[in-house]
Amino acid sequence: MVNNSDAAPGAAVIVENLTVVRGGTPVLDQLSLAVPRGRIVGLLGPSGSGKTTLMRAIVGVQVVKSGTIEVLGLPAGSRALRTRMGYVTQQASVYDDLTVRQNLAYFRRIVGAPASDVDRVIERTDLDTVAGRLAGSLSGGQRSRVSLAAALLGAPEVLVLDEPTVGLDPVLRVELWGLFRSLADDGATLLISSHVMDEAKRCDRLLLMRDGRLLADDSVRGVLEVTGTDDVEQAFLRLIERGEPDLRSTNETEAQR
Amino acid sequence: MTPMRTLATAGRVLTQIRHDPRTVGLLLVVPSLLIGLVAWIFTDTDVFSDIGPAMIALFPFIVMFLVTSISTLRERRSGTLERLLSMPMGKGDFILGYALAFGLLAIFQTAIAVSFAVWVCGLEIEGSLWLLFAVAVADALLGTALGLLASAFARSEFQVVQFMPVLVFPQILLGGIFIPRDQLPEALEIVSEWLPLSFAIDALQAVAGDTESTEWIVAKLLVIAAWIVGSIVLGSITLRRRTP
Ligand SMILES: Nc1ncnc2c1ncn2[C@@H]1O[C@H](COP(=O)(O)OP(=O)(O)O)[C@@H](O)[C@H]1O
Ligand SMILES: [Mg+2]
Chain P
13 MVNNSDAAPG AAVIVENLTV VRGGTPVLDQ LSLAVPRGRI VGLLGPSGSG KTTLMRAIVG
73 VQVVKSGTIE VLGLPAGSRA LRTRMGYVTQ QASVYDDLTV RQNLAYFRRI VGAPASDVDR
133 VIERTDLDTV AGRLAGSLSG GQRSRVSLAA ALLGAPEVLV LDEPTVGLDP VLRVELWGLF
193 RSLADDGATL LISSHVMDEA KRCDRLLLMR DGRLLADDSV RGVLEVTGTD DVEQAFLRLI
253 ERGEPDLRST NETEAQR
Chain U
38 MTPMRTLATA GRVLTQIRHD PRTVGLLLVV PSLLIGLVAW IFTDTDVFSD IGPAMIALFP
98 FIVMFLVTSI STLRERRSGT LERLLSMPMG KGDFILGYAL AFGLLAIFQT AIAVSFAVWV
158 CGLEIEGSLW LLFAVAVADA LLGTALGLLA SAFARSEFQV VQFMPVLVFP QILLGGIFIP
218 RDQLPEALEI VSEWLPLSFA IDALQAVAGD TESTEWIVAK LLVIAAWIVG SIVLGSITLR
278 RRTP
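So the protein sequences, as listed, match chains P and U.
Residue numbers for the first sequence, in this note's numbering: 13 to 269.
Residue numbers for the second sequence, in this note's numbering: 38 to 281.
Just so you know, these hints were derived from the structure itself, not from any lab.
Sample of chain P residues facing chain U (criterion: CB under 10 Å; computed from the structure):
1) R34
2) G35
3) V71
4) G72
5) R94
6) I122
7) G124
8) L165
9) G166
Glycine included, every Cβ here is placed at the ideal spot set by N, Cα and C.
Input sequences plus hints: build the corresponding full structure.
Here it is, written out as structure tokens:
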């Protein structure tokens, strides 16, 4: 197996030979990958491919069987990382019986961010008009934005977002990708999962996953070139047919940018 | 663990409950209503004066156990616990925050239940009313602490409700309400001497009848306190940041 993490010294996240077993079956199998700093990396794969499990492992809330994960040079799950990472779980993890503002005010105190951060993240996620409403009374899209807003508190350097755009209307989706891009421009590293392949083109790099293994770890352009298509869904199929993953180190593909 | 995060959590739990007036209402008056029902059932007998103190131990204990275990379990299942544990949240902050919030509710609930039993249902208390109140509050806190512990081992609401018969019912059956504990078969009597609810019932009955010294009652109170602290410590130890 190609080990691309050696070639990524400045990576925000380095995963090596990660194996995770859930409910008696291996969900991730000897996975190695790297997420470069300041980039948006899309983690794409069908439902059940292990995206959430990988993200949980990177955040440090998943029991792992073997392998190593380093985030910002520290072992995943280190205490020091807890203020430097933001994690948005797949289901909006907010308190339905608190208002948007109360939710954020509470998480702000846990993170230890300044009080002004609440207004900042409300504004960034466009929640001003619903800030006083109970989270449980919001639409699915609004609730997931509250969940995202909570992860932005304290301006973390690494954001791990599990399917943040699922079920959103297209206008909102474009707006959110605009937000992700501006966060990356400010220097944050974003790992964003999705099972919708057409979100891939908005990312800098792609991790294509299937059945707990990587089909690709490459730039978007790289994946399309290798597979000779202009469509990520097609590329996914061709990589399965090819039977050999497209794992090109960050440096190699960075040079092409 | 930091006081700031513990207090933030307690405040958050109380704010959540405040948004649900029906739960607050049920929490505060249900034990009193049940005590009232028992008093009514035994109107023409003098049974209530015997078992009344035990009822003060029983109903707040059960209600607090259920409410606490279900609300922490909800937190597990909604993903908010996972989020909190990925943040700089101490495990002790979480458990203690809940204990403080529900402990405060337990004080109000117990005050209402004791007042109702004494002034409305006419339960006669020979000893100190303050001591009765202290033991009753400790007992409701015990329900909260055991509820926190139980939710650590439950995977679903269904399982939490099953913990009631497992953890709570034997304590009720062996607590001396149905038959004085010294008349139990020997093995059961030994078991009953270790169960925390037995201490609470003994202490409440002793205060009601003024049959024991204050020191004796305070000793019982300390044992209950030890159980509370033990459950809270065990509850935070069993909380896992990493889950399978
Ligand atoms: N709590 C769990 N216990 C056992 N197996 C699980 C658990 N959660 C997920 N799995 C299994 O792990 C695999 C990957 O799941 P997941 O990481 O959620 O994938 P994805 O996020 O890509 O949909 C699936 O086969 C799923 O059935
Ligand atoms: Mg998932």
